[in-house]
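Quick note, the sequence shown lines up with residues 1 to 113 if you use my numbering.
Derived by calculation from the structure, the hints in this document are not laboratory data. Among the hints, erroneous ones may be present.
[Claimed, not checked] Derived CB-CB ranges, DEER-like:
1. Phe-37 / Gln-111: 12 to 22 Å
2. Gln-21 / Arg-68: 34 to 44 Å
3. Asp-95 / Gln-21: 32 to 42 Å
4. Phe-106 / Arg-48: 27 to 37 Å
5. Pro-19 / Pro-65: 29 to 39 Å
6. Arg-46 / Glu-98: 15 to 25 Å
7. Phe-37 / Gly-108: 31 to 41 Å
8. Thr-14 / Gly-39: 13 to 23 Å
9. Glu-20 / Ala-94: 26 to 36 Å
10. Asp-101 / Arg-48: 28 to 38 Å
11. Thr-51 / Phe-96: 10 to 20 Å
12. Gln-12 / Arg-48: 12 to 22 Å
13. Phe-106 / Asp-56: 33 to 43 Å
Source: prediction; values computed, not measured. We put the CB at the ideal spot given by N, CA and C, even for glycine.
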Amino acid sequence: MTWAIEKPEWIQITVTSGPEQKTEVDHRRELLFAQQFRGDPAELVRERRGTVSDRDWLVLEFRNPNTRPPRSEIHYFLQTSDGCVTLFLVCEEADFAEHRDATESFLGEIQVK
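Using the sequences plus the hints, can you model the full thing?
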């Protein structure tokens, strides 16, 4: 299942869930591999843990200096007993701080069962 908010003047958020049994290592490797084939590859700048809906997620933060203006791309990954859930956020780098509170509030409403 995929659910997305796409507003060019705001932040794009995509939430997906699926039955794939994938580990954090697999997810990270797939994201890094995919960057090699993009016309405008993003660079991994930070890997961390993050809490969303009281769950511990892998968070990979990318910066895309190849777009004008530069963009922030943040990938969240959660392995579940039924598969996995991903969250993907994209925003112009300069605007991300402005939307951080609203974005975190939205992410806090996501329920994973």
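Verification of the supplied hints:
At about 34 Å, the beta-carbon gap between Phe-37 and Gln-111 misses the expected band of 12 to 22 Å. Range check, Gln-21 to Arg-68: about 39 Å between beta-carbon atoms, so the 34 to 44 Å window is met. Range check, Asp-95 to Gln-21: about 36 Å between beta-carbon atoms, so the 32 to 42 Å window is met. Taking 27 to 37 Å as the suggested C-beta distance range, the pair Phe-106 and Arg-48 does not conform, at roughly 19 Å.
Distance hint for Pro-19 and Pro-65: a CB-CB separation of about 35 Å, consistent with the stated range 29 to 39 Å. Between Arg-46 and Glu-98 the C-beta distance comes to about 20 Å, which sits within the given range of 15 to 25 Å. For the pair Phe-37 and Gly-108, the beta carbons lie near 33 Å from each other, so the given range of 31 to 41 Å is met. The beta-carbon spacing between Thr-14 and Gly-39, approximately 19 Å, falls within the hinted interval of 13 to 23 Å.
For Glu-20 paired with Ala-94, a C-beta distance near 35 Å keeps the hint of 26 to 36 Å intact. Asp-101 and Arg-48 have their C-beta atoms about 19 Å apart, which leaves the hinted 28 to 38 Å range violated. Checked against the hint of 10 to 20 Å, the pair Thr-51 and Phe-96 passes, with Cβ atoms roughly 19 Å apart. Distance hint check for Gln-12 and Arg-48: the Cβ-Cβ separation is about 21 Å, which falls inside the suggested range of 12 to 22 Å.
The supplied range of 33 to 43 Å is broken by Phe-106 and Asp-56, whose beta-carbon atoms lie about 19 Å from each other.
In summary, the structure is inconsistent with hints 1, 4, 10 and 13 from the numbered list given earlier, while agreeing with the others.
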